[in-house]
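Chemist: Model the placement of chains B, C and D on the given structure of chain A, informed by the hints.
Protein chains: 4
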Amino acid sequence: MNLCIPNRPREECGVFGIYNHPEASKLTYFGLYALQHRGQESAGIVVSDGSKVREHKAMGLVPDVFNEAILSNLPGHLAVGHVRYSTTGSSLLKNAQPFTVCHKGKTLALAHNGNLINARSIRSKLENEGSIFQSTMDSEVVLHLIAKSAHKGLEEAVIDAFSLLKGAYSIILLTEDKLIAIRDPHGFRPLCLGKLNDSYVLASETCALDLIEAHYMRDVEPGEIIIIDPNGLRSIKPFPEVRPSFCIFELIYFARPDSNIFGTNVYMTRKRMGELLAEEAQIQGDFVMPFPDSGNYAAVGVAQASGIPFEIGVIRNHYVGRTFIQPSQTMRDFGVKVKLNPVRCLLKNKRVIIVEDSIIRGTTSRTRVHTIRGAGAREVHMLVSCPPHRFPCYYGIDFSNLGELIASKFSVEEIRRYLGLDSLHYLSLEGLLKSVNGEQNRFCLACFDSNYPILLEEEFSKYCLEKEKT
Amino acid sequence: MNLCIPNRPREECGVFGIYNHPEASKLTYFGLYALQHRGQESAGIVVSDGSKVREHKAMGLVPDVFNEAILSNLPGHLAVGHVRYSTTGSSLLKNAQPFTVCHKGKTLALAHNGNLINARSIRSKLENEGSIFQSTMDSEVVLHLIAKSAHKGLEEAVIDAFSLLKGAYSIILLTEDKLIAIRDPHGFRPLCLGKLNDSYVLASETCALDLIEAHYMRDVEPGEIIIIDPNGLRSIKPFPEVRPSFCIFELIYFARPDSNIFGTNVYMTRKRMGELLAEEAQIQGDFVMPFPDSGNYAAVGVAQASGIPFEIGVIRNHYVGRTFIQPSQTMRDFGVKVKLNPVRCLLKNKRVIIVEDSIIRGTTSRTRVHTIRGAGAREVHMLVSCPPHRFPCYYGIDFSNLGELIASKFSVEEIRRYLGLDSLHYLSLEGLLKSVNGEQNRFCLACFDSNYPILLEEEFSKYCLEKEKT
Amino acid sequence: MNLCIPNRPREECGVFGIYNHPEASKLTYFGLYALQHRGQESAGIVVSDGSKVREHKAMGLVPDVFNEAILSNLPGHLAVGHVRYSTTGSSLLKNAQPFTVCHKGKTLALAHNGNLINARSIRSKLENEGSIFQSTMDSEVVLHLIAKSAHKGLEEAVIDAFSLLKGAYSIILLTEDKLIAIRDPHGFRPLCLGKLNDSYVLASETCALDLIEAHYMRDVEPGEIIIIDPNGLRSIKPFPEVRPSFCIFELIYFARPDSNIFGTNVYMTRKRMGELLAEEAQIQGDFVMPFPDSGNYAAVGVAQASGIPFEIGVIRNHYVGRTFIQPSQTMRDFGVKVKLNPVRCLLKNKRVIIVEDSIIRGTTSRTRVHTIRGAGAREVHMLVSCPPHRFPCYYGIDFSNLGELIASKFSVEEIRRYLGLDSLHYLSLEGLLKSVNGEQNRFCLACFDSNYPILLEEEFSKYCLEKEKT
Amino acid sequence: MNLCIPNRPREECGVFGIYNHPEASKLTYFGLYALQHRGQESAGIVVSDGSKVREHKAMGLVPDVFNEAILSNLPGHLAVGHVRYSTTGSSLLKNAQPFTVCHKGKTLALAHNGNLINARSIRSKLENEGSIFQSTMDSEVVLHLIAKSAHKGLEEAVIDAFSLLKGAYSIILLTEDKLIAIRDPHGFRPLCLGKLNDSYVLASETCALDLIEAHYMRDVEPGEIIIIDPNGLRSIKPFPEVRPSFCIFELIYFARPDSNIFGTNVYMTRKRMGELLAEEAQIQGDFVMPFPDSGNYAAVGVAQASGIPFEIGVIRNHYVGRTFIQPSQTMRDFGVKVKLNPVRCLLKNKRVIIVEDSIIRGTTSRTRVHTIRGAGAREVHMLVSCPPHRFPCYYGIDFSNLGELIASKFSVEEIRRYLGLDSLHYLSLEGLLKSVNGEQNRFCLACFDSNYPILLEEEFSKYCLEKEKT
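Chains as they are written, first to last, in our numbering: chain A, 1 to 470; chain B, 1 to 470; chain C, 1 to 470; chain D, 1 to 470.
Everything labelled a hint here was simulated from the structure, so no lab data went into it.
Hints are supplied without guarantee of correctness; some may be wrong.
Same chains, same label: a pair holds when it works inside one copy or across any pair of copies.
[Unchecked claim] Computed list of lysine-lysine pairs in DSBU-like fashion (alpha-carbon distance at most 30 Å, straight line): (1) K52 with K152; (2) K52 with K125; (3) K152 with K237; (4) K195 with K339; (5) K434 with K148; (6) K94 with K106; (7) K94 with K178; (8) K104 with K52; (9) K148 with K348; (10) K195 with K350; (11) K348 with K434.
Nothing here was measured: the structure is a model prediction, and the numbers come from that model.
With the rest of the complex left out, here is chain A (with noise of 0.2 Å):
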């Protein structure tokens, strides 16, 4: 890695920000907790008891990042936090987040789940001024804005700084005494307002409410700023008002099937997406049965719509560890079967329909579809609960990028050659859409369609173009 080159411009984040608790920081560690599907990298809470302002962050999961006594050294009763996610070997400390920073005596603390499109040009302007950054997070470039525009008081710093940002955003700001909430105009990543007791608390999703027994109270609308302080909560919404992109990903894929999101259930989503699927497919087969656990609730649409039995194919291993040794011998499928083994007994000699939730590279469905094999079922087929992934997302999730997305290169009935399937079908975009109300006018399609809300600056795409090249 080079400290200073930016190396990673799509984030894939969780957040969390609780208000008024004694124990903020343990209730933010369990709100982190439920939020870590949406990033294993690192974990961070800032924690502020009204004047002094304490932090702890580190490489890992939440539960290896704190303990009791971490977390007692982190007293306060309004605090923040942040889970990130990586798929590159590149991860440092240093862009571990929530960032915190110094101005005037005071303290600045960021949670940012999204990503800023020309957050780039931005700071290659502040850097010609003789600001210097600490990290490579396009997130930081928000900081030095608010900063800019402090003179004014911190709720008129944080609008000038957003009316100069673009893309996507939900982030949650900390001062000393004061907790900000702001959702990008269009609203791509999910964020919610919840109430325990005299508290407010934010989350990415609704499942961190639960888990503090927090209810829920509304989601943070697209373009609002929520400011959360020593006299109580006030909303302003003072961008132009879009039509919504909320990232029919997070319904797909990416949120944890118990929350709601986007005003939707997500597993109720992921079922109808299922059962639509069977209903387009109309495939044959002895049983059907999902790559647990993302494959699993489409898998149950898909059996309730066909009568096919569902069953569960493979076994999982839960005691994978995070670092695990290779065999040095040839073993077959070992990076599948050390997580998932199939039942032999069950696949033998069966025609198989395998669920699976989206294909990306196509490399893990590939071995996927060689252990079933293996396990001697004698047709495997594949049914996928989206459309194609064709084109990149700029917006906060890390497709790969144009080149290495199977879709944007091969045909369905290459995909299925090489994959080494009886047969493949993907949802319709229709069908996508029926699954989420047909409100196909809320979410943002651009990895299926290409039809990105936000227009890329051409310095921006020039950038992605040559990182593609590489």
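Modeler: Here is chains B, C and D on its own, set in the frame of chain A:
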């Protein structure tokens, strides 16, 4: 703990051995990894290169106990491994296996799954003669008995030792250049033999063979001793033959569903239990749901036989840390919810049928029912895929003693009320036997019907009675 | 701690840099290792291979912070390292050095020894302009100032920055391909330049050159800037010349006795202090003893000049752990004895002359005297190899504030009584100057005579006064 | 390592025991801490609360092996502790002490300092009778022998066991409610008895009593057994009396200088060795210097007796890590310099007299001389405060075997040349005896004169001879 007072007469464990493989310790690591469900408390590997014997064992899960560096310090071509499970807090590294002892410049290492019911009286006799023990484990008695007859040669010494020992044991012994497998005449615990090219493999369950891609040859038979050394593999059967008493609970709960044990597949057997349970119970409801993962397989059977839809009513959080921070404020059902969050949207106002594999003390099931009701279910029914557990196990499954088995004191109706259910159905003993092809004579059903295959020694039964009182 | 309130205006540190060595980080490791006495709180290394910059820093001692694996992840041929010392508990990884920042795709790393006395007012000005800070360290201001002038080129930017900065600083800067050393015009802190074959080496003290077998070339001169890059080494002196103000306390206590600094050898100077002290004090006693190790060298001088035998009255325990368990029962003088056990047999009934290098707060000396008396000494006399410390240091030595300096409030006779001594003699200021060859004009003696070489800014002195009150 | 082949017949260790103190384990921690110089490889504490026995031991230094949490899990009022030293790499946790074994529901814990010379033949006999061993340590034989006679009662069993055992042993045994101290009839190793209010304390050296402020009562006498239990303290002397054979090397090097052992003070004795050495050698030079810390005390004696100034020619780096990174490039004398840097300024052109306590293999001294010459010394002389080591020790000091003792093969003149010295003087045997008051008859001098107080068994001496060949 007192270092010298036996604290746990019952053990659940997994064993693995390999002979003639250049990476014996690495293969044993993978084998133990696949057997992790049989013991999560400690793990150990002892390896020999033909003359030097090395060992590593520690408290914790297999991937935490071993790493590349540790494995590379365990060179050799024959190895034995062990995972151990404990439900009590009194765990000690001292009690971790394999045990190794020195005798006349030779090493003897032992990995034991099962429970010796006359170990205490033999130990007492040995101690009167001046023998000293390093642990409180019954298994250590085996090594003393072998040493006593060592002048006759190892094979004779092993026969001598096990002629004196009663109980359940699937044991693997390692010396500098030999691997010996011993299964008790009743065959309580599983033990299988496989082949990986020119290597012989021994394992508690076939799932360990699958992972390392070894070929299943056959089970080690009840009462059989297998000796593997530079001369090849030899089998002897020195003990009088008795009726087999395979542990039925291995099939109900303990073994991995992708394993084949006692000549049958675990997954298929559990599904059959579910099917028979559905027939017996004739239950009505909106959907069937398991508590993952142990109830999954019977639930699939119930759903298929009854035609009632299968749903995933609770979402498993895969990131639960091994030591978890407790909330200090009241969070209802926290212990359940942190691992398994109910899908409220699905459960709301529904008649829910939960499938459980078994009910031991009842406390876990009670909390689960409470959680499901709290998420809005209108009715909660429970199907259990085995009969009520009324009697303790003395052959290696750590059931709580009589006083803690809820079915030893209460009727089904009383249990239903305690758990807060609308209805409760257990699989009948006949149904259970039908699910394993009616071969009643091959199984130990003592935990259901108190027909203990081995009469307990007076001394031991007295001890057990006393223990139940405290 | 509050993340944003400066908590320690004063720092003691060690810096090291190397240019053009294939194992730059390893050599820096050894250099820091030799400078460990200058800072035990945190350690860090930043290395460049000409284009990529990597860093590692953590709380702890050099051998704990680094290992082979970490160093092998720090490849490159130029490096800078830093050790930092803190007497307070408010230590933060955030404040560990070298600092690295990103500016226009370039990295700038900074290692600083000293104290900038106008950093706070400059920081305040920068913050008003919208700059944000990651730490509470004064050193961070340097980087902001350099970034502000970066468009003029690095060399000009460095000159611009240090033209604004006042105080004590021996600094090493690293960029992708350059090493820059800067020493303030007064030369408060030492900094030397050496050569190791084709590599240039920079270090706080010559003992770091000795360990890696580099050849001492010369001191970096007060007010000098040295730039080392692919074109070789250049020196500039852009600042107005002033009278040097070498810190006399480096010679008395802080530097390692085997180093040469300020043109003199530390050991020989300390021994001379002892000799002059013996002459001044004309003390009688049975033997002279140091408290190891800091009093050793003056004690040798005292013994030689007075003819009184030198003895080792206390034995040092070399195994004292870094975190030590406190006894819960009363153990008198435990803190001293656990490290230094008196030799009772030697001390019993003797007239003992203890030699100390300095007395700051008096608490440590008081306990030591108590321990010696408790071991049976009949008389206890103390010689101190410098004058009484009456005034705080603002140039990088962390003396307690005025209120904590025992000599700022009490007379020598009062101190003698407080310490429980039979007699107490300090070296006179004249004696001290004689020991450094009378070159009064080259040294800062402010802690003894309050003649501060740099006038403090109003703002800063006010801050210091306030701090003393709290 | 092979788990079962004895790898080190010789051990250096420290033992500590305490009876009737509410914080027995904490006091033992401090006691071991003071005895750390006697063993740095492993540390262990076994504690009893009168009925339950608990233990903790691990590889490493005392402050690393224990922390507050571990000690708080070791409640009880009687405890025994052990530190163990090893010069070889074959260290195993298995071999760490105290050993604990179980016998008839009772625990027996053993801490041993010394070496049993007939342990191997007894072990062999026991193994023929069927006994098995957990370690390769001779000390384990003691426990087997005690168990064999246990039916006679513990006291008789201890007498029986030690009537069979030959060699050097200072041993502390702990049971649930008893502490037993045993010192062999020759009294090779020290062991003292102290009192702390109502508690009895046992320790290898008095420095352990000093730290916890216990009062020294007397030495445990050669051949004495002390039993401390609820009835108080009893002493028996069941073995035939023999001439004492105190290990002279404890006084020369091994014990801490602030301890009193064998009725004399270690510091004063070492200083006297230096004084007599100065008289014998009549050396000329500019100054005398020790290599810290072991040479310090004799050097003080040399300086005082000769009138030659004492100087500190090398500076000790106190921050040397336990595992140290090696330089990959050539750094001359790195191993010495990293710990001890010469003061070039002092050594330059001087006639230097180095004082060493002993020369075993000569390699360390050779490097040290080289370092001193490299720093510019004109002449280098060496005084050694004991006679040449010509013969191995079989009673608990890990001297290298005959082949590695430089003085067993070479004359003083040859050694002088090998070390690169201008002159070399050893203290004569007469001088050595004079320094311990001429009480020749009380000491074992076998390493100098081969008069071994206990005849070795044929079997053992053969083993030793063989070992010397390899």
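Chemist: Compare the structure with the hints numbered earlier in the document and write down the numbers of the violated ones, lowest to highest.
Modeler: Going through the list in order, the structure violates hints 5, 9 and respects the others.
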